[in-house]
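Since the structure of chain A is already known, use the hints to place chain B on it.
So the protein lines, in turn, are chains A and B.
Residue 106 in this note's numbering is what sits at position 106 of the first sequence, and the numbering runs on without skipping anything.
This note's numbering runs 1000 ahead of the 1-based position in the second sequence.
Do not take every clue at face value.
[Said to hold, decoys possible] 20 Å max Cα-Cα, derived DMTMM-like pairs, lysine to aspartate or glutamate: (1) A:Lys85 to B:Asp1031; (2) A:Lys74 to B:Glu1038; (3) B:Lys1229 to A:Asp160; (4) A:Lys30 to B:Asp1112; (5) B:Lys1026 to A:Glu108; (6) B:Lys1149 to A:Asp107; (7) A:Lys20 to A:Asp107.
Hints listed in this document are in silico derivations from the structure and should not be mistaken for laboratory results.
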Amino acid sequence: MAKPLVLQLGDRELAFAMNKVDRSRLYGYKEVEALDDQGRRCELATLTADGRTVVGRGGTAFGQLSADGTWRDKGQLRPIDVDGKEIQSVPSSFGAPIKLFETATVDEYLNHNIRLVYQLSTECDRADLDLELARGTIFKFPYSYRGGLEADAGFLLQGDDGNTFFAVGNPTKVDFIGLRQMAMFEDEGELDESELLDFDMI
Amino acid sequence: MPEINIANSAGRDALVALESVRSPLKVRWVDEQGRQIESARLLKGPIDRDLDALLARYGELPDVGKALRDGDPEVDLEQTGRLLRNTSRVYVDADRRIVHKAQFWEIVRNPDGSQRERRPRKLLDPNLAGEQPLRWSGVYVRREQACRKFVFSSKVQLRHTNGLTYDFLYGMAKELEEKDCLMLLGAGPKSKEPLILRRGGSPYRGFLEGRTRGDMYALVLHFSDLELKAPQETTPPEAAP
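Same shape as in the complex, but just chain B:
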């Protein structure tokens, strides 16, 4: 179960559980007998039967078309229609062979598509459950204002693991509810770094929200990577002559 190491406004910290907050399922598909249907991933054709392979084999597109008309070169009778389970992602080179030692680069582009930077890819490590707890930043945004400034694309809930952490999280939820605010939550020594849930995952800004109902609490960590603001009009860079 994922965890988060977090401190409250008094500087007390604890490691608590994180749970996904999912959208409830709305649509199910059933067959004529009312039985649940399962989606399956199937193999249409391996890489040595795709369009590039057929072009390499037959030459031009019209020749490929002729071959498709006269036979079934795109079908591998042993493979086509197989259910795909336990697959892995690999990289292949221009000759469609698996590459065992690939180098990864990130190309950072501006909104107009022009290149800003090219750098070796760096996979970011998760930072929610490190040795240093996420500090109580004390930076608050009113809830109504937060809705008009940021776009919250996902969220998780914090859950206690024992009686002590129940009091700990309840207190945090109550404090935030009384302020009627979301609190910015950052990582790193100065609490400025974005939050990363899993290795290689996208960074997000975190906003902690608290609600209570009697002796129950809901402490929700909202994730945002987008501000609610109008994009500036950009013109694509001119193509080189």
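Isolated chain A (complex conformation):
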């Protein structure tokens, strides 16, 4: 049985089961089938730059190379943030109860790209939490499924249908734009007069 997500509101701990919400479960899904001229199924593969070598599924891997092109094992590397400081790992969100105290504004929520949604359900008495969520409160907390270098943003909110949902997302940077910050299209280059008189353009 999957480990529950334990949330703490005040002194009360509530253990929630998580039920993933995605398009396939709400609307169905599409599969694409490729057939050759004999009606046999084809599989996707990769053709390398030489135009001859074909690589099937599982035939590629990712590696890390340093600036001089030499191979580096993951164990030899250090994770740092954009300011150059070493990153401390975060624990899994299923290791201890998560305290619900920080909230998000609508602006803050809309500034995130949500990539996962779960419906939460519990047998515990959740009247206090439901009251808070029904007021429109969006609780936020860092979320990491198995622990690691970075935590995603987690949001707890009530859906329009009255159910409780947990959304996982990443923050984005929405810029305010002034008059001088207009988009620049690529320069098409100087016009060559001989091209204007080129009638062989059929």
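The following block gives chain B in isolation, referenced to the frame of chain A:
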């Protein structure tokens, strides 16, 4: 640069720029000397050295295991370890040969996995920057309600290209901010069709949001292909006897 042809509430339209709104990078990997690491894609083995090819060559799995123990039939010394750049996607048939003329079908399935329809695949064309501008639909959803009804998985920002389009977009952002609403944005003659950013891309419902700060604006187009609602319990179809 991608563009969008859009009209405001007064029916004035303009072609403006679209920009991605990305998540800022949080983690970088460096080596012992503090130098930035680059990810690379490498070739492990070509298709004539994969498991299916080895099974065709040696027979059963135990024989493949024996061959792997005694030699390195899965390794092509000329290819293994090569960096992969400028690759193409191709289809191969059951004999692992490239197929030059493939037919594509879409199988549409219900949430329980049962087949609903089988049809030739159709690649959808982008519809944000067509000849007809995306109309001001006038269909608004309050921002708090929108958060509780839809899941916004990605977004883009609209940006002006000259002084006139600055006024145009600023006005749109101000109008939406004052309403405190997102506006549904659709494509097609009746503004009902979903938005498609690139050819063959997934269709999304678009929601336009406006914010201002002094003489600056932010006009954000949120994309959603999922409602925030509980899935119904489904039972898989019974297997045929």
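Hint by hint, here is what the structure shows:
no. : hint                  : verdict
1   : A:Lys85 to B:Asp1031  : 14 Å, holds
2   : A:Lys74 to B:Glu1038  : 12 Å, holds
3   : B:Lys1229 to A:Asp160 : 8 Å, holds
4   : A:Lys30 to B:Asp1112  : 13 Å, holds
5   : B:Lys1026 to A:Glu108 : 18 Å, holds
6   : B:Lys1149 to A:Asp107 : 16 Å, holds
7   : A:Lys20 to A:Asp107   : 25 Å, violated
Violated hints amount to a single one, hint 7; each of the other numbered hints is respected by the structure.
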